[in-house]
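**Q** This is what each chain is made of:
Protein chains: 2
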Amino acid sequence: MNIWEELQESVGFTFTDLVLLKTAFTHSSYVNEHRKEKIEDNERLEFLGDAVLEVTVSHYLFKKFPDLAEGQMTKMRAAIVCEPSLVSFAEMVNFSRYVRLGRGEERAGGRTRPALLADVFESFIGALFLDQGLDKVVRFLERVVFPKIDAGYFEQTVDYKTQLQEIVQKDRDVVITYTILDEKGPAHSKAFEAIVAINHEKRGAGTGKTKKQAEQKAAQNAIQALRQN
Amino acid sequence: MNIWEELQESVGFTFTDLVLLKTAFTHSSYVNEHRKEKIEDNERLEFLGDAVLEVTVSHYLFKKFPDLAEGQMTKMRAAIVCEPSLVSFAEMVNFSRYVRLGRGEERAGGRTRPALLADVFESFIGALFLDQGLDKVVRFLERVVFPKIDAGYFEQTVDYKTQLQEIVQKDRDVVITYTILDEKGPAHSKAFEAIVAINHEKRGAGTGKTKKQAEQKAAQNAIQALRQN
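So the sequence lines, in the order shown, correspond to chains A and B. Residue 1 is where the first sequence starts when you use UniProt numbering, and the numbers rise one by one after that. Residue 1 is where the second sequence starts when you use UniProt numbering, and the numbers rise one by one after that.
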């Protein structure tokens, strides 16, 4: 089994156009050392893949968080498609192993350079989109990206307290107050319970490992209740 | 025929979920004046539509300009999805007529405000994507956006001379020279002819209404020739 067969088996797709797959993993430094062969580097695929990733992640967030305001979704998306996150996705599928690099770049440690790995993740998405279509991209992200969203990896970027304020501030003279009710559990695994009141009426409750987390949960809870009424 | 039937006829799609279509045209100022009705504004759809527009335009540029480098495609895409362009697209399909505005915003002239129209174009794309899928979005853009790309509206953003330089500068000691050969035609419709030489060897030619245009065409021509050899 050659390296490209191995890669395809690992990602779970068989490419119709193997050149597309190879191009996705071809750094410009490799092209520069193989000028005679007329190989293309991955930069154009990266341009396309960036946009494909953006739309698939946006659609997922849109469906998964029906109560999240546009500004909060934008923040969460930015955390998902930023370089460190893309690097962690690329590492999950061991992409650094398949990159075609020039010798100089290889010696300089380019293979594990974060920017390079993030780019390769995007160019792979671009190639997958061209060769297999958007549905297969979604299927790939269901394995590599969406589980991390589901696990709450990016929710620390979401500020539900701010969002609740934005929702209710449209009415004048509204007072939002948070109260920590209780501290539960033993010292090594404390849990806090918070409630949020709007104009001194309880509208949501939440628990968390920190006071801040509990308040965020209470705010999220209040937003859901407001949307449903 | 009510206004929503008229709109659907005008864009050429029948929505399964009419609420989605209405939401796309609902400004937050309208929601604020109809709090009792629990209507949603178009901001979340705008978030999604922005990403959908980005990927469909990126894919179109990727296919249409196989010789264009990533940086040049990025510039052209930015010119296509910028506010003034989106406003012109929204005006082509008369979107301002369908916007649901609050009374204050209406009095303040919000209906024809560029930022509002650009947002509505994006939120409509988001609604169309959710209701009818990506292929139908492409079909819509084939009527409203892609013909303007084909007509060269956005090509002034592309700098082929810079791109040619980037391609050849990877080899050291390369000299690129442009020469205007000829000035043809009568004074009111002059045409210039330019050639570009790499290391004093002619590699491309182009004509244009200005010297600058002729040089750009010559550079574009040389890039194509380089890619093909």
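Just so you know, not all the hints are guaranteed correct.
Identical chains share a label here; the pair holds if one copy fits it or two copies do between them.
When the alpha-carbon atoms are kept at most 30 angstroms apart in a straight line, the in silico DSS-like pairs for lysine-lysine are as follows [said to hold, decoys possible]: (1) Lys217 with Lys136; (2) Lys22 with Lys64; (3) Lys38 with Lys63; (4) Lys190 with Lys136; (5) Lys136 with Lys75.
For the record, the hints were derived by calculation from the structure and aren't laboratory data.
**Q** Determine which of the earlier numbered hints do not hold for this structure and return their numbers in increasing order.
**A** 1, 4
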